[in-house]
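Please model the entire structure based on the sequences and the hints provided.
There are 4 protein chains.
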Amino acid sequence: MQTHYSRIAGRSLERLSALSDGIFAVAMTLLVLELHVPVMDAAHTLAPIWTAGELDQEVLLGQALAKLGPSISTYLMSFMTLGIFWLGQQAQLNHFRESTRVLSWIHIGFLCAVTLLPFSTSLLAQFITYRVALGVYWLNLLLLGLLLMASIRYAARAGLLRDELPPAARLIHSRRVVSYQVLYALAFLLSIINTYISIAALIALQFHSILGFELPFVRRGLILAAS
Amino acid sequence: MQTHYSRIAGRSLERLSALSDGIFAVAMTLLVLELHVPVMDAAHTLAPIWTAGELDQEVLLGQALAKLGPSISTYLMSFMTLGIFWLGQQAQLNHFRESTRVLSWIHIGFLCAVTLLPFSTSLLAQFITYRVALGVYWLNLLLLGLLLMASIRYAARAGLLRDELPPAARLIHSRRVVSYQVLYALAFLLSIINTYISIAALIALQFHSILGFELPFVRRGLILAAS
Amino acid sequence: MQTHYSRIAGRSLERLSALSDGIFAVAMTLLVLELHVPVMDAAHTLAPIWTAGELDQEVLLGQALAKLGPSISTYLMSFMTLGIFWLGQQAQLNHFRESTRVLSWIHIGFLCAVTLLPFSTSLLAQFITYRVALGVYWLNLLLLGLLLMASIRYAARAGLLRDELPPAARLIHSRRVVSYQVLYALAFLLSIINTYISIAALIALQFHSILGFELPFVRRGLILAAS
Amino acid sequence: MQTHYSRIAGRSLERLSALSDGIFAVAMTLLVLELHVPVMDAAHTLAPIWTAGELDQEVLLGQALAKLGPSISTYLMSFMTLGIFWLGQQAQLNHFRESTRVLSWIHIGFLCAVTLLPFSTSLLAQFITYRVALGVYWLNLLLLGLLLMASIRYAARAGLLRDELPPAARLIHSRRVVSYQVLYALAFLLSIINTYISIAALIALQFHSILGFELPFVRRGLILAAS
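As they're listed, the protein sequences go chains A, B, C and D.
Note that the working numbering has the first sequence beginning at 1, numbered continuously upward.
Note that the working numbering has the second sequence beginning at 1, numbered continuously upward.
Note that the working numbering has the third sequence beginning at 1, numbered continuously upward.
Note that the working numbering has the fourth sequence beginning at 1, numbered continuously upward.
In case anyone wonders, no lab produced these hints; they're calculated from the structure.
It is possible that some hints are incorrect.
To be verified - Think about it this way: if two alpha-carbon atoms lie no more than 30 Å apart in a straight line, the pair counts; the simulated DSBU-like pairs of lysine-lysine are: (1) C:Lys-67 <-> D:Lys-67; (2) A:Lys-67 <-> D:Lys-67; (3) B:Lys-67 <-> A:Lys-67.
Shown next as structure tokens:
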């Protein structure tokens, strides 16, 4: 029975893409719920201390918004992360001929890691100086990377890649995942000194990934390791 | 008028798939809202008791995260459940030639059961030792199964299955639903002893379903029952 | 400039469908947030009063769940409503050749009414005996109907209907909207007696619409009115 | 490695559209969460003061709903804004032959600005008399416009526009963005007098944009500036 079911379930790349786009869309939009609007009463109760006019109230609201700094940083970092992994998953799915049940489950696992990112982000925003919170965030990044890696390796072995693809296509995907995961791990290790340095390094890496610079040294090491 | 309307409404499998993917995506992502970030103040107010340095604070946050254990278990169980039923529904929709208004309503009912799962999950996470909470969760699973069953039976009777399908296709779908529903019911009955055993059995079943092992004894019983 | 822009914007029925499916999916799933899990502490603090064992706790949770009755009724009513209007909109979009900017805006307005339904539902669930709350809910239903009506009328006048459609197609759509809107209004008027009767009538109408019975008297009246 | 990756990532306009529709759908539906249902207890505790019957309770609820006025205005303004920018983005994507990684990132940035709008709206609804809150809202509108502008300029330069497009197509898109952004900025400047006037001007502009009137004076100025 199961054998039959495996043959009929999870073959559609189109619906896997649709579910993925949906989950990325919801996760990206849920991140914003972490940006809490300052509480009205607090601003008002603070106001009398200044015993000043309308302008001071504006200043107070400005100050309250400035306190959203850490939330905004983690929001942007996570939005960029989701963008990067959305593009990475999309590039892979474009390279597959069809899906199988196993491949579908690898991607459902990947999507599970995507839905966990708003939680990890929220944890980090509230405990931005805690290594434990940063560790949870990093584990989330690692999980995303490992599952994308598992996807391309399985697809290559199971013969699901499009025929017109050059043999190097699989390597491009997995090298990219490995090199950034190595750098994410190094960035996380910087938290031994300070979590802010670590977060700054992660954000720099995401910008690096988005702007599409070369990573020559990692590349060379990987070519050596792969040969 | 109604007859006319039935002839023009709910024929598109494509839009039914799109609505389904959207609802599954939102339900899967909403599950994560059940994972509450530990409250900052509590951790801070606890800290002075230890009168220790930075490291103890980290330990306290780690302990607070460890308390999310039950929530994380039910989160994973529900995510797997949604993945399983998403694949099951997708496999069915792939087998249909077109939809009808009745079939659309069966699937809207199924999607209603999907949207209820975050509620059942949340209830179970907060009342994990209560048989009533587990019963609600099990009823939700039952409803999902019954509606998928109704869908394939109706589609077969109404001649909506693709012509190229082997006659056994309908049986594969319904046997799979029946066999797992029997096992879900048995797992729920284990809650007479203890709800944790029951939940462990449900999680084991979901892993079983995902990994795609055979269910030979159920299969044989069903073949007998169907012959 | 505007003229030019009108010629290039909002022509894609495909993306209008995608946005609609997304909004319906989110609105349908958000409805469940109205089902609040009973608060843990309350159940625990109640427990000692009974000074009984485990079973009484289960009974207490069962009683707390039973109190969700009104929320569950309004949840189901709204889910059915969204299903009905989703099918109605889908049937229309299937009948259009292409979209225009005006048609897109009519449907964006319709989607705005869709996103308001979780609010109206929540209001009604919490103030189920208030005519004001029921009035808001009914206005929401009316808005949904009026905009679907505007859509089909505009599309017919602007020549956007598919050529292969029989001339009666437009009438089927608008008659259906008008007849149910008349019945919704009558159901709302029953709230002069009691809001529960009114809600029961609305739920009965939604079941009627879903099960697809004829509405002969309304039909005949409309044929007369239209001739 | 990066060069290779750029060649394979982010080429699909279809999935970019799907992600966009998903994010717009979630953001549009999340806006409604800003409409808080009046608190039940408050209405009940107020009731005894009036020591009147059922009717007074209804009046109280009506008054409580009337207080949602500012929230409803900002809700509608933001819903219209999202509708306008959804159509604007859609019109652009329809004009592109394919995507590139850079174009994908411009649109992911645009979608980031879309997800921020529920936050800006919520901030403005709660601090409707504060220029700081209106400034944040205006910055959000500006960001949306700048990124749409960047998208069309980049696409034209990178040769991604469809061949059949008249050369003026790029100008239509960018002129429209520029002219409305100039008007948004002027509307924001009105907040020197009063934020309500400023909001009224913004709402008027959104209606103007939706109804599709000409903006002759801005047009002429731009033609001069562009020649």
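Evaluated hints:
1. At roughly 29 Å between alpha-carbon atoms, C:Lys-67 and D:Lys-67 fall within 30 Å of each other, so this suggested pair holds.
2. For a cut-off of 30 Å, the pair hint linking A:Lys-67 to D:Lys-67 stands: about 29 Å separates their Cα positions.
3. Pair hint B:Lys-67 plus A:Lys-67 holds up; C-alpha atoms about 29 Å apart against a cutoff of 30 Å.
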